[in-house]
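Q: Chain by chain, the residues:
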Amino acid sequence: MLARSLNPRTVLQLLRRIDPWLGIASALLFAFGIVDALLLSPPDYQQGESVRIMYVHVPAAYLASQAYLLLAGMSALYLIWRNPLADMAAATAAPIGAAFTALALVTGSLWGRPTWGTYWVWDARLTSVLVLLFLYLGYIALRQAVETPDKARRLAAWLAVIGAIDLPIIRFSVEWWNTLHQPASLLRPDGPSIDPSMLRPLLVMMAAYQAFFLFVWARGLRARLAPRLKHETLKERTRV
Amino acid sequence: MTRAFFAIVLRDLRLHATSGGGLLLAPGFFALVATLFPLALNPAPATLRLIAPAVVWIGGLLAVLISLERIFGEDIEDGSLDAMALGLLPLALVALAKALGHLVAFGVPLLVTAPLIALAYQLDTATTGKLLLSLLLGLPALTLIGLFAAALTAGLKRAGALIALIVVPLELPVLIFGVWSVAAPAGGGQTGLIYLALITLGALILLPAAVGAVLRLVLE
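Chains A and B supply the protein sequences, listed in that same order.
When we follow the numbering used here, the leftmost residue of the first sequence carries the number 1, and every step to the right adds one.
When we follow the numbering used here, the leftmost residue of the second sequence carries the number 1, and every step to the right adds one.
Extracted from the complex, chain A is given alone in its bound form (with noise of 0.2 Å):
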């Protein structure tokens, strides 16, 4: 099937043709979404400058949970299919995910000082992308404990299934928890309805966040896959 034909040898071709394009990319929406983000977009009209925040905070957010579920099918596919690339693939996406969190965390919490008048609060979404952080760590930590490299990749795979099942159910609990104490003005992020002004630099720096993803997400699998390859080569090399 297509994980039977994925012949590792072509997928590294692949990814080594897609590099320049994916880097050209993400430098080019990179630099047309911060000058569009930080300059030609309009201040909001409750949060002012500080609004800008959320251009560079959302599409962490949205990339940090979209790496999760990579990750997560991934693993499921290693777990069916036993196609070493497609652990790599998973375990390559796992720190770059959490780094995604980790950097909607810290935006997120820059964002709610002058916004909310404080670094942190409990709230559904800031709530949800905190235990995210904590999956990612678990299956880190879980893939570097376990000392045969077979079982580690196995059980981390089964980890990371596990839990992105239990994903959506963690975020109806925190949603439902979060209902239970509506607190009294929680300024919405983004807003009740977003204006076309504001939209055009989010989706172009979604675009940007998503290129730059792939970029390193394709760097770091090339990464591990070229060792693992080159001895190969050289077995053919001195094949007579």
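For the record, the hints were derived by calculation from the structure and aren't laboratory data.
Quick reminder that beta carbons are idealized off the backbone N, C-alpha and C, glycines included.
Treat each hint with caution, since some may be false.
[Unchecked claim] Which bits of chain B does chain A cover? Going by a derived footprint, with three or more residues having C-beta under 8 Å, they are: (1) 25-38; (2) 44-53; (3) 163-169; (4) 208-215.
[As the list claims (entries may be wrong)] Computed far set for chain B versus chain A, every beta-carbon distance over 12 Å: (5) 5; (6) 6; (7) 9; (8) 17; (9) 70; (10) 74; (11) 115; (12) 127; (13) 133; (14) 136; (15) 191.
Guided by the hints, dock chain B onto chain A, whose structure is given.
A: For chain B alone, kept in the frame of chain A given last:
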């Protein structure tokens, strides 16, 4: 098959009772945690009544947490898990039997200690009843999720903190629904109990099989 199942349950009960602190470990720890809060906060009855559901649930969660290492304990090293894997019962049922053993050994003492804590926290009987019901529904979920985490880290040395890091995020919904089924403002409590029951049922259906698969992995 049933005899094999209960043989494992009884074996685990005997092991839990005779080693590592025995059956008093979990309720003892539970009571200890419950003692910390009035000392660290203002022990005014109103405050106590407010925090009681949270203290009981957090204490219960922590008590289950510290006893998780004992589920598989020596089973990997002394080969008994291998023996069980080769035996009559599928590993999923072995996992379920271990969960039941753990629940009876640690969950039941917690259920027995909880009303005493509730008393110490000046809770009225109706709320205590709700609290016990939430624990009754939630402890199996905590045990099953904990079993999964214990299986993942089975055979690892000094895996205590790792188990905690893995299991607590997964158990958060149980905690949330458990506490707020007791403490919720009008109407919220009932839905909380229903969600709690749903989670326990889901865990019961899904997790033993998952744990079985993980155990097979660990034994390779």
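Q: Run every hint past the structure and note whether it holds.
A: Taking the hints in turn, this is what the structure says about them:
no.: 1; hint: 25-38; result: violated (count 0)
no.: 2; hint: 44-53; result: violated (count 0)
no.: 3; hint: 163-169; result: holds (count 4)
no.: 4; hint: 208-215; result: holds (count 3)
no.: 5; hint: 5; result: holds, 24 Å
no.: 6; hint: 6; result: holds, 27 Å
no.: 7; hint: 9; result: holds, 24 Å
no.: 8; hint: 17; result: holds, 29 Å
no.: 9; hint: 70; result: holds, 19 Å
no.: 10; hint: 74; result: holds, 18 Å
no.: 11; hint: 115; result: holds, 25 Å
no.: 12; hint: 127; result: holds, 16 Å
no.: 13; hint: 133; result: holds, 18 Å
no.: 14; hint: 136; result: holds, 19 Å
no.: 15; hint: 191; result: violated, 8 Å
Violated hints for the displayed structure, listed by number in ascending order: 1, 2 and 15.
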